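Protein sequence lines, in the order shown, are assigned to chains H and V.
Be aware that the first sequence starts at 198, since it is given in the working numbering, and climbs by one per residue.
Be aware that the second sequence starts at 2, since it is given in the working numbering, and climbs by one per residue.
Just so you know, the hints here were simulated from the structure itself, not pulled from any lab data.
Keep in mind that this is a model prediction, so the values were computed, not measured.
Don't take every hint at face value.
Here are some chain V residues pointing at chain H (derived, C-beta under 7 Å) [what the hints assert, rightly or not]: (1) Phe13; (2) Glu18; (3) Tyr26; (4) Met46; (5) Phe69; (6) Leu107.
If you anchor each label on the Cβ, the simulated ranges turn out as follows [claimed, not checked]: (7) V:Thr21 <-> H:Arg307: 39 to 47 Å; (8) V:Lys71 <-> H:Pro258: 31 to 39 Å; (9) V:Gly53 <-> H:Lys200: 20 to 28 Å; (10) H:Thr283 <-> V:Met12: 25 to 33 Å; (11) V:Lys4 <-> H:Val249: 31 to 39 Å; (12) H:Ser204 <-> V:Pro41: 15 to 23 Å; (13) H:Ser205 <-> V:Lys71: 22 to 30 Å; (14) H:Leu311 <-> V:Glu62: 21 to 29 Å; (15) V:Leu85 <-> H:Asp225: 34 to 42 Å; (16) H:Gly260 <-> V:Ser81: 42 to 50 Å; (17) H:Thr202 <-> V:Gly86: 42 to 50 Å; (18) H:Pro258 <-> V:Lys4: 14 to 22 Å; (19) H:Leu311 <-> V:Thr21: 40 to 48 Å.
Glycine residues also receive a C-beta, built at the ideal position from the N, C-alpha and C atoms.
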Amino acid sequence: DVKVTQSSRYLVKRTGEKVFLECVQDMDHENMFWYRQDPGLGLRLIYFSYDVKMKEKGDIPEGYSVSREKKERFSLILESASTNQTSMYLCASSGFTGAGDIQYFGAGTRLSVL
Amino acid sequence: AQKITQTQPGMFVQEKEAVTLDCTYDTSDPSYGLFWYKQPSSGEMIFLIYQGSYDQQNATEGRYSLNFQKARKSANLVISASQLGDSAMYFCAMRDDNSGAGSYQLTFGKGTKLSVIP
Numbered sequence: 198d199v200k201v202t203q204s205s206r207y208l209v210k211r212t213g214e215k216v217f218l219e220c221v222q223d224m225d226h227e228n229m230f231w232y233r234q235d236p237g238l239g240l241r242l243i244y245f246s247y248d249v250k251m252k253e254k255g256d257i258p259e260g261y262s263v264s265r266e267k268k269e270r271f272s273l274i275l276e277s278a279s280t281n282q283t284s285m286y287l288c289a290s291s292g293f294t295g296a297g298d299i300q301y302f303g304a305g306t307r308l309s310v311l
Numbered sequence: 002a003q004k005i006t007q008t009q010p011g012m013f014v015q016e017k018e019a020v021t022l023d024c025t026y027d028t029s030d031p032s033y034g035l036f037w038y039k040q041p042s043s044g045e046m047i048f049l050i051y052q053g054s055y056d057q058q059n060a061t062e063g064r065y066s067l068n069f070q071k072a073r074k075s076a077n078l079v080i081s082a083s084q085l086g087d088s089a090m091y092f093c094a095m096r097d098d099n100s101g102a103g104s105y106q107l108t109f110g111k112g113t114k115l116s117v118i119p
């Protein structure tokens, strides 16, 4: 079975803290993604990675960075958390299956920045 | 530029009835993929069904089918025999296959909240 695991379901942080959101997949997928989801705005892509140490900006990369040192792990970093980064964060992975390159998602992390 | 439109913010359906969730898309590329995901209140996005732009037949997966009308640029999700567990948000998404590095990305619609009534 496909498995994408996000390290935390709920997280509460203070403004200015450095925050790490971790995502691990066990499907040997090449591609990994970070999205944020906000009411009325849907899912928006923050960053994605198509290979180890490779990264590409998505639609809303400001205030975020990412790290992919190993194929199975993709980390989202908030260098200095702000209240407007309170959101639901979803990680996904996909591989070259030839069947639509389906993205599989983790359970999500609800981050609150106070 | 890609765009996905889901015009129904909320829908109600009686248990055991069929329901259609609308999705229209906009792309100028001939090669693309269309996806539907389900998001229960727990938050996880669950993949339901995929349709490629060159697929001749409509995709089906169990009680889910995708009514793909290419000329009208619509990809409606049909759920047959609704169950209480189908109550969730449903998202339509598109991947553009010809935009370089961006071809990995999905663009999502705003979603439709489906409520199944006993």
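- Run the structure past the numbered hints and jot down the numbers of the failing ones, going up. 1, 2, 3, 5, 7, 13, 14 and 17
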